[in-house]
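Taken in sequence, the protein lines are chains A and B. Just so we're aligned, residue 97 is where the first sequence starts under this note's numbering, counting upward by one. Just so we're aligned, residue 97 is where the second sequence starts under this note's numbering, counting upward by one.
None of these hints come from the bench; they were simulated from the model. There could be a bad hint or two in this list.
Cross-link-like lysine to aspartate or glutamate pairs, in silico, DMTMM-like; alpha carbons within 25 Å at most [to be verified]:
#  : chain 1 : residue 1 : chain 2 : residue 2
1  : B       : 148       : B       : 341
2  : B       : 148       : A       : 144
3  : A       : 148       : A       : 180
4  : A       : 351       : A       : 236
5  : B       : 247       : B       : 216
6  : A       : 351       : A       : 243
7  : A       : 340       : A       : 323
8  : B       : 148       : A       : 147
9  : B       : 148       : A       : 243
10 : B       : 351       : B       : 244
11 : B       : 148       : A       : 180
12 : B       : 351       : B       : 341
13 : B       : 148       : B       : 162
14 : B       : 340       : B       : 276
15 : B       : 148       : A       : 271
16 : B       : 340       : B       : 244
17 : B       : 340       : B       : 236
18 : B       : 340       : B       : 140
19 : A       : 351       : A       : 403
20 : A       : 247       : A       : 216
21 : B       : 148       : B       : 188
22 : A       : 351       : A       : 240
23 : A       : 148       : B       : 147
24 : A       : 247       : A       : 236
25 : A       : 247       : A       : 296
26 : A       : 247       : A       : 152
27 : A       : 148       : B       : 180
28 : A       : 148       : B       : 152
29 : A       : 148       : B       : 271
30 : A       : 148       : B       : 144
2 protein chains.
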Amino acid sequence: MIKTLIATTALVTGFSAAAGAETIGVSIPAATHGWAGALNFHAERTVERLEKVYPDLDFVLTTTPDSATQVSDLEDMVATRGIDALVVLPFESEPLTGPIQRIADSGTWVTVVDRGLAVDGIENLYVAGDNNSFGRTAGEYFAETLDEGAKVVVMRGIPSTVDNERVAGFEAAIDGAGIEVLAMDHGNWNRDTAFTLMQDWLSRFGQIDAVWAADDDMAVGALAAIEQAGRTGEMFVVGGAGMKEMVDRIRSGDKSVPVNVTYPPAMISTAIEMTAAGIVGNAPMSGDFIIASELITLDNADDFYFEDSPY
Amino acid sequence: MIKTLIATTALVTGFSAAAGAETIGVSIPAATHGWAGALNFHAERTVERLEKVYPDLDFVLTTTPDSATQVSDLEDMVATRGIDALVVLPFESEPLTGPIQRIADSGTWVTVVDRGLAVDGIENLYVAGDNNSFGRTAGEYFAETLDEGAKVVVMRGIPSTVDNERVAGFEAAIDGAGIEVLAMDHGNWNRDTAFTLMQDWLSRFGQIDAVWAADDDMAVGALAAIEQAGRTGEMFVVGGAGMKEMVDRIRSGDKSVPVNVTYPPAMISTAIEMTAAGIVGNAPMSGDFIIASELITLDNADDFYFEDSPY
Chain A
97 MIKTLIATTA
107 LVTGFSAAAG
117 AETIGVSIPA
127 ATHGWAGALN
137 FHAERTVERL
147 EKVYPDLDFV
157 LTTTPDSATQ
167 VSDLEDMVAT
177 RGIDALVVLP
187 FESEPLTGPI
197 QRIADSGTWV
207 TVVDRGLAVD
217 GIENLYVAGD
227 NNSFGRTAGE
237 YFAETLDEGA
247 KVVVMRGIPS
257 TVDNERVAGF
267 EAAIDGAGIE
277 VLAMDHGNWN
287 RDTAFTLMQD
297 WLSRFGQIDA
307 VWAADDDMAV
317 GALAAIEQAG
327 RTGEMFVVGG
337 AGMKEMVDRI
347 RSGDKSVPVN
357 VTYPPAMIST
367 AIEMTAAGIV
377 GNAPMSGDFI
387 IASELITLDN
397 ADDFYFEDSP
407 Y
Chain B
97 MIKTLIATTA
107 LVTGFSAAAG
117 AETIGVSIPA
127 ATHGWAGALN
137 FHAERTVERL
147 EKVYPDLDFV
157 LTTTPDSATQ
167 VSDLEDMVAT
177 RGIDALVVLP
187 FESEPLTGPI
197 QRIADSGTWV
207 TVVDRGLAVD
217 GIENLYVAGD
227 NNSFGRTAGE
237 YFAETLDEGA
247 KVVVMRGIPS
257 TVDNERVAGF
267 EAAIDGAGIE
277 VLAMDHGNWN
287 RDTAFTLMQD
297 WLSRFGQIDA
307 VWAADDDMAV
317 GALAAIEQAG
327 RTGEMFVVGG
337 AGMKEMVDRI
347 RSGDKSVPVN
357 VTYPPAMIST
367 AIEMTAAGIV
377 GNAPMSGDFI
387 IASELITLDN
397 ADDFYFEDSP
407 Y
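Chain A extracted, bound-state conformation (with noise of 0.2 Å):
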């Protein structure tokens, strides 16, 4: 079991702390993949920042490499740190839903990130970002980028509603703007199938103006096969997801890469402050935030690039 624990000192040395701390757990997925890793750079940063604003708050971070894992780093929270307000991500919806409702039942405030749980209304506050508006602020880049007449190629995700919404929001977003769509067709959001898609595009499209990729996984490997073809500068490409080699090519100049989208791994922030917020203060935190898409560009480019990030 991979469990990473920060704690105040006051927790550290003796538990029960001072007398009125209040403890919020978080728990995420394991840095296994690009953008859980700055999940947990994102989450770590968070705490270490609220916990010196905020000395009477303590925190249980843990990360989780399943799902039975999380479930028993949950009732682990609950039985010996005694959580005031947990805030998850659950590794998987179905396996996590009665758990996290017994935790809700027994008057513990819950923050649920990203992934909802299988039944409705559990809990208390639910943070997510907005694939809608994820394919919307690309289709209004091309839309406002892209002369008429322009020849564009679309890379989806994996079949799935989250693949479809965005799909929705980036047709939308180009409609009546006279760009031509190639083809579309599903990268599965993963690397070498975009290169082999991006490969055979290639070699039936004789002018291609832009490329989405609906995630930057697929865009690395979308830039890939360009490059390998020698079409370098013909194109450019959108991915998605802010990650931070596509940061990087975009505050260099690099035509290629004039834009990205974010899919922020900092909602787990997002949760954690507002779960905070609502210990603390008084203000009302219990509702649905969608978190909206960003376009990160040259001009803002630095204030989504995290140098420490794995990601």
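We have chain A; now place chain B onto it with these hints.
Chain B alone, transformed into the frame defined by chain A:
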């Protein structure tokens, strides 16, 4: 012009303050009626809290009696205070849309509360109540509490999308519970209209088990009519918005007012907290936060009772 200014010592004694200080402007309607009074109370309290927590954050809080004054307040905040972020509850949507758009276009962060602008997509963050949840929460209490065959009356607000959403939520929640709605009519969110309407219903119906008044002002009118008719004890009344008087009746165990439903004026605190957290930390705060209504009961009423609030 009624104007309240709250500022840190740094700003009172010398403009421009410490290097690195950032300023958040907050502009809200003046306390001309109950809900707005509470809005002012919570805004001031949250600004005071955040000024203590973050010495480098400065606030300027203005209250406005009309749209024209609000427009000039906003211009003033930008021109002389150089605000970095604006939290605004527009007095009216139409006249504020242009001025707020100009502020957003200049790069200032904009958080809009409760009343949306006439054009979509201007603000970075939108914080608002959930009218469907407001009606649903009341309806769920009716469905859980009342026996099959129970007879109720429903007092609607001024005809509007807000009212329609609330009633739709209520009706969906009582669907299938065997509750008979004897009558449903518009009390227009008005105490006197509600009093007259309730008098009429009391004379027409020999048995009424419960009243849903979709706002606390109407609940006050309905309760007065019931008392005058000597039928207190026959029925309970559920209003909504969390008026102090209602919360006080709940916590004192008054059977006529067993519960209430929030549509919290403290949402201004939510908006200020999220805006401040976005500035001092790295959490994304761009998007739509829809605050769920909560059921106020004997068990939790103390959390919703603010001794010093006017409402």
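Here is what the structure says about each hint:
no.: 1; hint: B/148 with B/341; result: 31 Å, violated
no.: 2; hint: B/148 with A/144; result: 19 Å, holds
no.: 3; hint: A/148 with A/180; result: 19 Å, holds
no.: 4; hint: A/351 with A/236; result: 18 Å, holds
no.: 5; hint: B/247 with B/216; result: 42 Å, violated
no.: 6; hint: A/351 with A/243; result: 17 Å, holds
no.: 7; hint: A/340 with A/323; result: 20 Å, holds
no.: 8; hint: B/148 with A/147; result: 16 Å, holds
no.: 9; hint: B/148 with A/243; result: 52 Å, violated
no.: 10; hint: B/351 with B/244; result: 20 Å, holds
no.: 11; hint: B/148 with A/180; result: 24 Å, holds
no.: 12; hint: B/351 with B/341; result: 14 Å, holds
no.: 13; hint: B/148 with B/162; result: 31 Å, violated
no.: 14; hint: B/340 with B/276; result: 30 Å, violated
no.: 15; hint: B/148 with A/271; result: 49 Å, violated
no.: 16; hint: B/340 with B/244; result: 32 Å, violated
no.: 17; hint: B/340 with B/236; result: 22 Å, holds
no.: 18; hint: B/340 with B/140; result: 18 Å, holds
no.: 19; hint: A/351 with A/403; result: 22 Å, holds
no.: 20; hint: A/247 with A/216; result: 42 Å, violated
no.: 21; hint: B/148 with B/188; result: 32 Å, violated
no.: 22; hint: A/351 with A/240; result: 16 Å, holds
no.: 23; hint: A/148 with B/147; result: 16 Å, holds
no.: 24; hint: A/247 with A/236; result: 15 Å, holds
no.: 25; hint: A/247 with A/296; result: 16 Å, holds
no.: 26; hint: A/247 with A/152; result: 57 Å, violated
no.: 27; hint: A/148 with B/180; result: 24 Å, holds
no.: 28; hint: A/148 with B/152; result: 15 Å, holds
no.: 29; hint: A/148 with B/271; result: 50 Å, violated
no.: 30; hint: A/148 with B/144; result: 19 Å, holds
Of the numbered hints given earlier, the model fails hints 1, 5, 9, 13, 14, 15, 16, 20, 21, 26, 29; all others are met.
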